[in-house]
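Chemist: Sequence:
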Amino acid sequence: MTRPAESAPRRAGSPWLIARKRIEGTPARLYFFPHSGGSPGEYLRWAEQLPEVEIWGVQAPGRGSRIVEEPLTGMAELVEGLVSAAEFGEPAVFFGHSLGALVAFETARALRAAGLPGPSALVVSACPAPDRRRARTTVHDLPDDELLAVVHERYGGLPPEITADPALLELIMPYYRADFTVYETYRYEPGEPLDVPLHVVGGEQDIPADLLAAWAGHTTGESSLTLLPGGHFYFRDPAQHARLVRLLTEVTAAARN
440 MTRPAESAPR RAGSPWLIAR KRIEGTPARL YFFPHSGGSP GEYLRWAEQL PEVEIWGVQA
500 PGRGSRIVEE PLTGMAELVE GLVSAAEFGE PAVFFGHSLG ALVAFETARA LRAAGLPGPS
560 ALVVSACPAP DRRRARTTVH DLPDDELLAV VHERYGGLPP EITADPALLE LIMPYYRADF
620 TVYETYRYEP GEPLDVPLHV VGGEQDIPAD LLAAWAGHTT GESSLTLLPG GHFYFRDPAQ
680 HARLVRLLTE VTAAARN
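Numbering-wise (my numbering), the sequence shown opens with residue 440 and increments by one.
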């Protein structure tokens, strides 16, 4: 079966969106928006557990094959670049973790404002609602060694093969710094809530439940809150990963129907 032209993402060659597999026909599509300093590659590997879903990763400048590009440091320019350079196929579900949750949310709002197809559902993970974010000490302007200490404290640090290689550290630190800048300078602008299902997931030892539950006010559609054992990266535990994949399977199946 050939894929209907109208169902395929335009600008399939856009560097903003990458995929390891394509599914013929009109499958549900799941777009992953990575966390601060994260790579879409971690999420693309989930395709093995979601065989009936077309998996896409959002790849911002400074990541992966775009490593030589200057990373973006503002939410507005990040979302504008993504929306202008790549169109999302339908039906689509957006999943964003941590910073990625805010980027996914603002991308959905920008697509709606531009009259472009957006997600049929939104899944946000490990991030307070945009109007309820916790105040934290600004870290994006810290020296590299101090910023690395923050990454270690909050997220468990970087792999030893990276921290032991000064050249590699010099290569990746700019996009960690850029992502922290995006997060810390982001300011929520009130607007009409989305009108799609919005599902919130978080670790029980991470963000307070009330800050996660406040996402419900950002949609007129159904909403849900799922708390799983663990911290900020609860899904790196195999059992919690399996539970999250089951949720994503249910959400994408509903989007397809």
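Everything labelled a hint here was simulated from the structure, so no lab data went into it.
Glycine included, C-beta positions come from ideal geometry on N, C-alpha and C.
Don't take every hint at face value.
[As the list claims (entries may be wrong)] Restraint ranges, calculated between C-beta atoms of paired labels, are given here:
| # | residue 1 | residue 2 | range |
| --- | --- | --- | --- |
| 1 | G554 | R685 | 45 to 51 Å |
| 2 | G554 | T576 | 37 to 43 Å |
| 3 | P629 | A603 | 43 to 49 Å |
| 4 | V684 | E661 | 35 to 41 Å |
| 5 | P629 | E487 | 36 to 42 Å |
| 6 | E689 | P599 | 26 to 32 Å |
| 7 | S504 | D580 | 39 to 45 Å |
| 8 | E509 | P599 | 15 to 21 Å |
| 9 | G554 | E481 | 40 to 46 Å |
| 10 | H591 | T624 | 28 to 34 Å |
| 11 | A553 | P599 | 28 to 34 Å |
[Stated by the list, open to error] No farther apart than 20 Å at their CA atoms in a straight line, the calculated lysine to any residue pairs in the SDA-like style are these:
| # | residue 1 | residue 2 |
| --- | --- | --- |
| 12 | K460 | V635 |
| 13 | K460 | Q488 |
| 14 | K460 | A692 |
| 15 | K460 | G476 |
| 16 | K460 | E526 |
| 17 | K460 | R695 |
| 18 | K460 | A486 |
| 19 | K460 | S504 |
| 20 | K460 | G503 |
| 21 | K460 | E487 |
| 22 | K460 | G480 |
| 23 | K460 | L483 |
Chemist: Does each hint hold? Answer for all of them.
Modeler: Hint check:
1. G554 to R685: 45 to 51 Å: Taking Cβ atoms as reference, G554 and R685 lie about 34 Å apart, which means the hint is violated.
2. G554 to T576: 37 to 43 Å: At roughly 40 Å between Cβ atoms, T576 and G554 fall inside 37 to 43 Å, so the hint holds.
3. P629 to A603: 43 to 49 Å: Given range 43 to 49 Å: holds, Cβ gap about 46 Å.
4. V684 to E661: 35 to 41 Å: Between V684 and E661, where Cβ atoms are some 20 Å apart, the hint is violated.
5. P629 to E487: 36 to 42 Å: Holds, since P629 and E487 (Cβ atoms, about 40 Å apart) stay within the stated range.
6. E689 to P599: 26 to 32 Å: 37 Å, violated
7. S504 to D580: 39 to 45 Å: Roughly 28 Å apart at Cβ, these two residues miss the hinted range, so it is violated.
8. E509 to P599: 15 to 21 Å: 28 Å, violated
9. G554 to E481: 40 to 46 Å: 33 Å, violated
10. H591 to T624: 28 to 34 Å: Check failed, 23 Å falls outside 28 to 34 Å.
11. A553 to P599: 28 to 34 Å: 44 Å, violated
12. K460 to V635: Since the Cα atoms of K460 and V635 sit roughly 26 Å apart, the hinted pair is violated (cutoff 20 Å).
13. K460 to Q488: Between K460 and Q488 the Cα gap is close to 13 Å, so the pair holds against 20 Å.
14. K460 to A692: 18 Å, holds
15. K460 to G476: 24 Å, violated
16. K460 to E526: Holds, because 17 Å separates the two Cα atoms, which is no more than 20 Å.
17. K460 to R695: Roughly 18 Å between the alpha carbons, so the hint for K460 and R695 holds.
18. K460 to A486: With Cα atoms ~8 Å apart, K460 and A486 stay inside 20 Å; holds.
19. K460 to S504: Measuring from Cα to Cα gives roughly 17 Å; hence the hint holds.
20. K460 to G503: 17 Å, holds
21. K460 to E487: 10 Å, holds
22. K460 to G480: Holds. K460 to G480 sits at ~13 Å (cutoff 20 Å).
23. K460 to L483: Distance ~9 Å between K460 and L483 Cα, so the pair holds.
Checked against the numbered hints listed earlier, the structure breaks hints 1, 4, 6, 7, 8, 9, 10, 11, 12 and 15; every other hint is satisfied.
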